[in-house]
Amino acid sequence: MSATFDRQIRPIYDAIDTGSNKSAIVACNKLLKKQPKNDLVKALKALALVRSQKVEESLYLCDEVLASKPSDEATLSALSHVLRGLGRHLDIITMYDSAWKQQPSNEDLGAQTFSANARTGNWKSAQQVATKMHKLFKEERYLYWSIFCAVLQANDQTTQPALRPVLYKLAHRLISSAQTPSFFSADRFYVHLTILKELELWDDATALLSSEIGQSICNTNLTIDELRREIWRAKGDVKEEGERAQQRIREKDDRNWLEFLSVLDATFSDVTSTAEPSDEDKQACRHHVSKTKEFLAQIADKDGTQDRSGPLALLELEKRCVAHGLATDPDAIYTLAESYFERFGDKACCFEDLVPYIQFSGQHATRWTSLLEKQTSVANPEALRRAINALKLLRYNLTQELLTPELENARATQYVQYYLQGLAHGKNLPDTELQPSDDLAVLAGHAYTNLWKLTGDLSYLHRAVAILELASSKSKHSYVVRIMLIRIYHILGAPSLALEHYRLLNVKQVQTDTLSYLILSRASTFSLSSLGDLTYSSECMEASQIYLSNSTDTAEFVVRAFYAEKYSQIPDFVTLEDRLDNSLQRDLMKMEHVRMRLAHEPISSDLVDMELIELKFIFDRIHHDNRDFTVIPNHQPRDVPSFQEQTALFGKIPGSGWLASFLRFYIKAFQQASDLDDSVEDKLLIGDRPKPHVESAGNMSLDDRLAQRPKAELEELTRDEQALLEFSTALSEWLGPHHDYIRPPPSAVLAEAARQTELKLGHQPKGLTLPENGANGDVKKDCDPPVVQDPPEIALQFFDDMKERFTTALSGSVLLPELLHIVTLTQEASLIFTVETTRFKPAAVVKTHKLGPLVQSFKEIRTKASEALELMSTELAKLAKAEKDADRRTEFVGHWTKFEDSEITTEFLAGVAKKFTDARYQILDGVSKGAAKVSKTLTS
Amino acid sequence: MSVLRPFRATDLFKFNNINLDIWTETYGINFYLNYLARWPDLCCAQEAPNGRVMGYILGKAEGQNTEWHGHITALTVAPEYRRLGLARKMIDLLELVSDKTYRGYFVDLYVRCTNVVATGMYERLGYSVYRRVREYYGSLGMGRAAKDEEDAFDMRKPLSRDPGRRSVRANGREFIVSAHDVP
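Residue numbers (the working numbering), protein chains in the order written: chain A, 1 to 940; chain B, 1001 to 1183.
To be clear, the hints were calculated from the coordinates, so they are not data collected in a lab.
Keep in mind it's a predicted model, so treat the numbers as computed, not measured.
Cβ atoms here follow ideal geometry from the backbone N, Cα and C, with glycine treated the same way.
Check before you lean on any hint, since a few could be wrong.
Stated by the list, open to error - Pulled a few chain B residues facing chain A out of the computed Cβ check, cut under 10 Å:
| id | residue |
| --- | --- |
| 1 | 1001 |
| 2 | 1005 |
| 3 | 1011 |
| 4 | 1028 |
| 5 | 1052 |
| 6 | 1081 |
Claimed, not checked - Here are the simulated DSS-like pairs of lysine-lysine, each with C-alpha atoms no more than 30 Å apart in a straight line:
| id | chain 1 | residue 1 | chain 2 | residue 2 |
| --- | --- | --- | --- | --- |
| 7 | A | 197 | B | 1100 |
| 8 | B | 1100 | A | 302 |
| 9 | B | 1089 | A | 347 |
| 10 | A | 239 | B | 1089 |
| 11 | A | 508 | B | 1089 |
| 12 | A | 319 | B | 1014 |
| 13 | B | 1089 | A | 291 |
| 14 | A | 476 | B | 1014 |
| 15 | B | 1014 | A | 347 |
| 16 | B | 1089 | A | 302 |
| 17 | A | 252 | B | 1060 |
| 18 | A | 34 | A | 54 |
| 19 | B | 1060 | A | 508 |
| 20 | B | 1089 | A | 252 |
All chains should be modelled from the sequences, with the hints used to inform the complete structure.
Structure below.
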């Protein structure tokens, strides 16, 4: 590169780096006038173009440079960014491959070719590239790259199971050829052990691990030590491992719970290693048990309150004794639990520690209860923590006869009283700290929620809201309290308050994948997108950012881990990328977004085509459910449904079955409305297609798969959602033949696309050749037009049924969201109807194809839809008005008379009540207006 | 009782109970993957037997010559698992690895000057203030003691490679540097 050229090109790089794509394009054009053949400038221009969303132009330029087979690093690097922007990862591989072939001695090009393959998970080619690099450049690192790529290929979903052992054997052969031993680095050691483990070469693995250096690596590297444990377990040396663990516990004061588990596993190995243990086996095990008991008791004594491992291991030991019929002392577990509570009752996690061991009955249950009931003091922080644990433990063991509304009510009052008293200990804490008595408000919230479930009385949920709002105002950063509020506000029909609390949780980055379900699950029920309110749509967009950054970044770190030789991390990085890329929540959210988009935007071919392609991609994915439900607290008694189950909206959590069902009928509706068939889509689509999965639906065609209605999947739908699905299915069956007959042939669609692109670019696009007959869409069909059928019963009946459903629900005692659900689904049905019938709108189409009677029957359905929506809208408006009634707020405040002199002041309660009724007003009013608007557009 | 195990990339799906706490920052995926792709042995987590993550530590090795050391970037324990000595166990491991694997001279960490509880804990674990770094942190907006809140103590503990304790000093609290002067 000449100095002059360097001076000219620098500003282009700077402009691209700072995101000034426009000025970069201008600068490129200037340079291209002087040097029209310069590949680097063209590549940079393509990059600036793709970053300013000018995909077609960028594509053209990019293909032009690619065709010249560039090999200089700057051009290659610019192009690889362009191709990444276009989603054409496979072309990056081809590009580097061809560049490397031109300069085989260029190590960097080799490494780039390897990286491009590794980034896309193309392990087979990556392995071959690495092998070639090792031969050429003699670096041992490349040998390990190739070995580990073989391992990764073996573990890849798309690899046939039969090939697995072959690949591992290949990896083993390669690693045996290494010049330096694998313990040269911990991660090479990891690779070696992984292969030996898979091939069950136990002697080799033991030799490596027992060597001095092997042991020292295990001591300082948890990953290797974990692998060591797995190997020991797999080869069945449980006893040996148990002895080793005892030694570590005794001599090195290691208190890793894994060591205790090893000791316990070894203790019971005599009876667990055979299916039917003999009397001798049992005798041997008893002997072991008493030895271990002695050992653990010593540890427990030595540690005192310093560490919980000893006492808990004793509990676990007794539990396993009972399970194997080896218990000798019927009081043992009870005594241990009691002393555990004495010793660690003031630790916040005491409840969680004890839960697996306290299923007491008879006399033990009575003693346990009376012991815990004595812990009533909240006089100091330590006593408070003890009391909280006692109350949680008591609640956990409550039986049905103790769960009457009266008793539960008394408990709720007790929790609230203790909570209020406990606030004294947190008075002087800064805002950033959590109140020590928070968990009592959490317990109160649980009791009130359970009371609502027991009695159906909503006022209990109002009480839950009040006490939790108080707790939230005292502990501004308690996520547990906020999550409970989010759940309860949703069932009470105050979504804006749920959203407010969600936003205060400050959920960001990867957390949006695991937690956005808290507000986005069935969000279209609460969305006012039909009124142009994009709150939930933009929440979806924001939560989707993580998937974009995953697809650009995570693969990059796979490559970095290869360069840094941290092989142990690569499988997890690959899993992370896959789990985010194929996240169930991602696509549940996408589905919600499409539903909201439909209500917001005019239904155009752009919308239909784009969503059709995306939904089809999603339909072929194998999803991972990353949603974190464990953050939702649960302190309901063990025989009662969990708090999460009690507060699930409509009692149904949408999962992969829900998603598949919605995808099926949406894809079908969009397919019919769209002019794109598969052959057209193939030609127009830019970027790589997703990798096919080995186990995906075999040879079944997409149409057949869309027609399936597996029962298990339908069970995730509410009855109203099922009705929507049936409505939509009936519509598509009815109108399908007409769509297929009228839809322009692929050649015409392609010609039109080519024309459009040409208009934009000023020249013919590559790859899209115009058909010779200059199709104008009016190609004569060689079959007869389908006969117009009467509308199916389901389609005619749907809106009347929904009206009926709504009226019944209105007079019954249903939760507000259930009403909203009926209304928004009715609205959605009318929008799907519009999607299905838009093709038949133009008068010319109706005339040419003699569709008069068909279009006439549309009118009838449309009128029904419009009437239903109008009625619903009117009724919701009345409900909205009622929320403004002052009585509502007085009632809210009235529940708390007995706590008059506490922090629960009338003023505080009135404030909560006002926000609550305002939120309900807002959603009722909004959905009412939205439905009215949709109803109007139907008849206009 | 807790399981001490490596921190893994997939823990990003599991750490909500820790990261929803105000003191723990949730970074982009890049941040975690960068640590794991370079110093996986300095990153570990503690897990309860029921599978919940209780806390984690992320560390790195950096510096030139006698400044070569292990650094604690993030150390966090979920509120319900505090006061169980989990932090100490994770720090012990990080010190061990910094000493034996990386052969560093010391381990260091930064802590808000206002965080008296944490500073006290680190002192009990053998750390001492090496210097005070001006305006190292963003403000928490708590108003009181705003200056102290933004300043950090750089605390250090010498490892076996520094038997002469050259990496620490006695009067570190009075030794003040600006945030630009530290890496």
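Index of numbered hints that the structure contradicts, given in increasing order = As far as the earlier hints go, not one is violated by this structure.
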